[in-house]
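One letter stands for each residue in the lines below.
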Amino acid sequence: MSNSVHFELDTSTGDSVPPSVCLIQYKGLLTQEAYEMLLDRVEEVIVQRTEDRRPFRAFVEALQNVFKHGDVSQPVSIWVGGHTVCATPVFRFVTQNIVGHDRVETLVNRLENLEKYDAMETRAALRKQLEQGEFGDRGGAGLGLLTLQTVAVRPLEITLLDSTGGKVLELIVDVASQG
Amino acid sequence: MSDMNFSIERTRKTPEIKFDASTGRLIIAGRSIPENSIEFYRPVIDWVDGVVAASGADPLRVFVQLEYFNTSSSKSLLDLFKRFEKLSTVEIHWHYDSDDEDMLEAGEDYDHIVEVPFRFIEVEPSA
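Chains A and B, in that order, give the protein sequences.
Here the first sequence stands for residues 399 to 577, numbered as in the numbering used here.
Here the second sequence stands for residues 78 to 204, numbered as in the numbering used here.
If you are wondering where the hints come from, they were derived from the structure by calculation, not from laboratory data.
Note that the structure is a prediction, hence the values are computed from the model and not measured.
No false leads were mixed into what you were given.
Result set (DSSO-like, lysine-lysine): computed pairs, CA atoms no more than 27 Å apart in a straight line:
id: 1; chain 1: A; residue 1: K425; chain 2: A; residue 2: K565
id: 2; chain 1: B; residue 1: K95; chain 2: B; residue 2: K163
id: 3; chain 1: B; residue 1: K163; chain 2: A; residue 2: K526
id: 4; chain 1: B; residue 1: K159; chain 2: B; residue 2: K90
id: 5; chain 1: B; residue 1: K159; chain 2: B; residue 2: K95
id: 6; chain 1: A; residue 1: K565; chain 2: A; residue 2: K514
id: 7; chain 1: B; residue 1: K159; chain 2: A; residue 2: K526
id: 8; chain 1: B; residue 1: K90; chain 2: A; residue 2: K425
id: 9; chain 1: A; residue 1: K526; chain 2: A; residue 2: K514
Bound-form chain B, shown alone (with noise of 0.2 Å):
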């Protein structure tokens, strides 16, 4: 299974992204406001499909922490979580600071489109 583990460390503009397969978590945390996110993003899609089609990720629990997205990454993570939706056992844990009303929002749009349940966290602010 630990062939199924994915990494990608973060930057001031891309995200953390990790999968422990020996938990099933998968972690998106930090920035993503690149000026390619499909560039960002192809690898992970691609490794997504992988597990997805080896089964090699159910359950999985992912856990989103972004602190800013950009539009064009928002498109390429719709893109990550409809891949999940081939999944049967996930859950989507979308966390939020809680005076920030945009991430939430974004969070409730993506509930509204994929077919994969959602959890709101709300956290206090770090700063």
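Just chain A, same shape as in the assembly (with noise of 0.2 Å):
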């Protein structure tokens, strides 16, 4: 295992938004066992309802979109937090991991096109891809990430910096209980 790779976590944004306290943390390679395990971790802090399984369902999204786009033999970092606007509890999922030098440029195409979308686009993008993408080679659907911005409270951060062997992918996302 590399240890090449070094995660700063800063989750404050310097907006508005307030500050999340941080309900689960994970560093390191994220295997089935560790997978599964934040899995069951997640949904038993998070879903006390049904409106809850909104940020469930992103935090799904953002932790298969570290399988489908990163390179899993190496260290991720997972951060989970939560605060609460005007009572809804919202939840911060924040992920970095490392995107393998030949995964870069579909992942950057990506990004460049959702920045693009409004709501309304971002909601229109995801039923095309839905109808007319396809399958990669790592059974992903091209949905994940528009799912997740359709849902977040805020637009997706994303940020890719150079590393070693590739980029340090990192994603915030912001989303709300329903209703």
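Join these two chains into a complex; the hints should help.
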């Protein structure tokens, strides 16, 4: 396992979003065991009512995004936090993982498209991708980031930083419960 | 007809999928969040291809009662639903909890894409 990757998590946004309380944090290889444990733990912590299924679904997508685009032989960082806005629970998911050189271009293209869309266009793009998209080599259907964008309470924060072996992808998603 | 029956038990990450040829009911229930939805749905799609070719499930009523599904599964479900277009009498009953607008919206997306009649069934949340 490479130790050349160092993640520094800064979950403050510098804007009006209140700071999130850390609920769950994981750093290390995203093994099957770790993946299962994270799903179990996050569902247990988040889903108290049907309305809370939305953030849990978003977490599943964020986590599977790491599998679909990331180099899972490298350590990842997963951070889950929560705060409330007008009494509505809002959850923050932060994932950091290495993306291999061979997948960076595809990812960058997707991110560039994502930035262009407003809410209606994101919804339309999601439906179009569902209808016309094909499965990728890792079983993804190009729907994960679009789906996260449709349920997030503010635009996704996505950063690609240079790293040995590829790029470090940092994804920050804020999702509120439904209703 | 009973050889047309089909059954997969639910797990923590994959749904129960059952077809009873005597009633023409196909039930998809539970959660569908496998990492590899292609692998999970392949036998289901193969089975559907078989019964559609043999007209063994016509008429068919499909009851979708999902709690969660990931985007990879959403694509596999679409592949499944598109196959039902070949049947002459088919209806998809899309169940959603009354306070789960995401699930309703997902069903509406399928209704928009797939040329099969959808019925939306609102249910009270169980928990």
